[in-house]
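Novice: In case you want the letters, here they are:
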Amino acid sequence: MDRARDPVALFAPETREVLAVRRETADTVTLTLAGGGRGFVPGQFAMVYAFGVGESAISLSGDPYRSDVVEHTVRNVGAVTAAIGALKPGGVVGWRGPFGTGWPLVRARGGDLVIVAGGIGLAPLRPVILAVMADRGAYRRVALLVGARRKSELLYTEQLAEWRARFDLEVEVTVDAATDNWRGSVGVVTRLIPLLDVEPSRTTAMVCGPEVMMRFSAKELLRLGVPSRNVFVSVERNMKCAVGLCGHCQIGPLFACHDGAVVPYDRVAGLMEVREA
Amino acid sequence: MSEKLRSHRVARDFDSASLAVLESCSLGEVAWKKGECILTSGDEATRCYLLTSGDVFIQTTPPGRSPTLLQTIRGGDVLGWSWVIPPYRWAFDACAATDATAIVLDAAKLLAASEADPRFGYTLMKRLFTLLTDRLQATRLQLMDLYGPRA
Ligand SMILES: Cc1cc2nc3c(=O)[nH]c(=O)nc-3n(C[C@H](O)[C@H](O)[C@H](O)COP(=O)(O)OP(=O)(O)OC[C@H]3O[C@@H](n4cnc5c(N)ncnc54)[C@H](O)[C@@H]3O)c2cc1C
Chain F
1 MDRARDPVAL FAPETREVLA VRRETADTVT LTLAGGGRGF VPGQFAMVYA
51 FGVGESAISL SGDPYRSDVV EHTVRNVGAV TAAIGALKPG GVVGWRGPFG
101 TGWPLVRARG GDLVIVAGGI GLAPLRPVIL AVMADRGAYR RVALLVGARR
151 KSELLYTEQL AEWRARFDLE VEVTVDAATD NWRGSVGVVT RLIPLLDVEP
201 SRTTAMVCGP EVMMRFSAKE LLRLGVPSRN VFVSVERNMK CAVGLCGHCQ
251 IGPLFACHDG AVVPYDRVAG LMEVREA
Chain H
1 MSEKLRSHRV ARDFDSASLA VLESCSLGEV AWKKGECILT SGDEATRCYL
51 LTSGDVFIQT TPPGRSPTLL QTIRGGDVLG WSWVIPPYRW AFDACAATDA
101 TAIVLDAAKL LAASEADPRF GYTLMKRLFT LLTDRLQATR LQLMDLYGPR
151 A
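Chains as they are written, first to last, in my numbering: chain F, 1 to 277; chain H, 1 to 151.
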């Protein structure tokens, strides 16, 4: 039976070996795991299981065209992510996926594309950038806006430098606090949005980061004139089953794992304003 | 020049009469080289700059230490608010982060024109207030950990 439709397989993790671990920041690593991403679409996630500790939803952050390995960028915020982040090459994790919806790359073709990432939010967007670069002619202007607390909390710094050197990609990186001899832009990522040189009515925007950052970014994009149906966010509510059954990740009528994580902003705008108890 | 002024974010929503007054307050354009110092805190605030290109750092220099960068402002932003209210002294330093250009407005003329023509003054203040509110909101977000796991 097709694994994607087999309910038992959806809950049964496969074992994957850690091939490499790259430290991104003090609390974040990128793991390379053996085995392909089962044709994942940028924006999708897997449930990664740290044996004996628990399972977490972690986005696929690597190249969607590679069929031999997957990458995950993990920020240590609690027991599971600490255990995953402490793994060494040769270690193993449980893995099931890919799950959820992806970023609307097909729909974005032929127009301008704005990618807004805050903190760990760059992880699920990295496959988008890699996919866009492999098919650059399909899009008009492409802008990547990246925000981080400080320089030492920026992810993929080498790759960011490579992307910034390209003439067909506008990359703006901004930090809140200009520590570590930072001489680049200082201020929140939302401040970069009003100054974008795009045709708003033909723009698709993909926004990922903590909810407050996504909310303020979406507001700026709408103010710029980007239609709300063209603004997409990734709703990363804590989840358990990942297949739309348990309701752990429910936001209003949506199951983030099943209807998302990537959703049009107009479907969640009201819900993102609601405080969780 | 007048085209640049008309298309600047500050002049948005200005009718032709208000635009004409704004233009009469212009002292022309200025260009700065990367690293050049533009404003020094404590100096008299006699000008308002409408940035047209490039980036400028707002910074402060604690005694005996190197400057702390507080915020970057960019083409389309306003540089300098201290000319609006007493004691008309710059509160922070500003330096060109990249080569940058701006339209220079004469602060005394802007204030005199606002007194003489309250319609113009109100339009100008509403516009400045909008941009200042944006800057304040961005500063608030900058103070919280917008990208942290619990934001
Ligand atoms: C679709 C999706 C994709 C994700 N992708 C990634 C990724 O690529 N990299 C990554 O590092 N993390 C990602 N996460 C978040 C990750 O799943 C959680 O950080 C993890 O489950 C926390 O488990 P823990 O046991 O380490 O911490 P816990 O002890 O469970 O939680 C520690 C703290 O983090 C908070 N927290 C837990 N989960 C979330 C969440 N989803 N959003 C905000 N706060 C949360 C908790 O409220 C608590 O305060 C993703 C989440 C979702 C739903």
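Derived by calculation from the structure, the hints in this document are not laboratory data. Glycine residues also receive a C-beta, built at the ideal position from the N, C-alpha and C atoms. Do not rely on the hints blindly, as some may be mistaken.
Unchecked claim - Short derived list, chain H residues pointing at chain F, Cβ under 10 Å:
{"no.": "1", "residue": "D77"}
{"no.": "2", "residue": "L79"}
{"no.": "3", "residue": "M144"}
What the hints assert, rightly or not - From the derived model, a few chain H residues whose C-beta atoms are all more than 12 Å from chain F:
{"no.": "4", "residue": "R6"}
{"no.": "5", "residue": "G42"}
{"no.": "6", "residue": "T46"}
{"no.": "7", "residue": "Y88"}
Novice: Would you say G42 (chain H) is clear of chain F, with no C-beta pair closer than or equal to 12 Å?
Specialist: Since the minimum Cβ distance to chain F is about 22 Å, G42 (chain H) lies beyond 12 Å and the statement holds.
Novice: Measuring Cβ to Cβ, find out whether Y88 (chain H) lies farther than 12 Å from everything in chain F.
Specialist: holds, 26 Å
Novice: Over 12 Å from every CB of chain F: does T46 (chain H) meet that, or does the non-interface label fail?
Specialist: The claim holds: T46 (chain H) sits with its nearest Cβ about 26 Å from chain F, beyond 12 Å.
Novice: Under the criterion of a CB-CB separation shorter than 10 Å, is M144 (chain H) in contact with chain F as hinted?
Specialist: It holds, given that the least Cβ distance between M144 (chain H) and chain F is near 8 Å, below 10 Å.
Novice: So, as I understand it, the hint says L79 (chain H) touches chain F; can you test that by seeing if any CB pair is closer than 10 Å?
Specialist: Interface hint status for L79 (chain H): violated (14 Å vs cutoff 10 Å).
Novice: R6 (chain H) clear of chain F by more than 12 Å, beta carbon to beta carbon?
Specialist: Per Cβ check, R6 (chain H) is outside 12 Å of chain F; nearest 18 Å; holds.
Novice: Hint validation: D77 (chain H) versus chain F, beta carbon distance must be below 10 Å. Holds or violated?
Specialist: holds, 8 Å
Violated hint: 2 only; the structure is consistent with all others.
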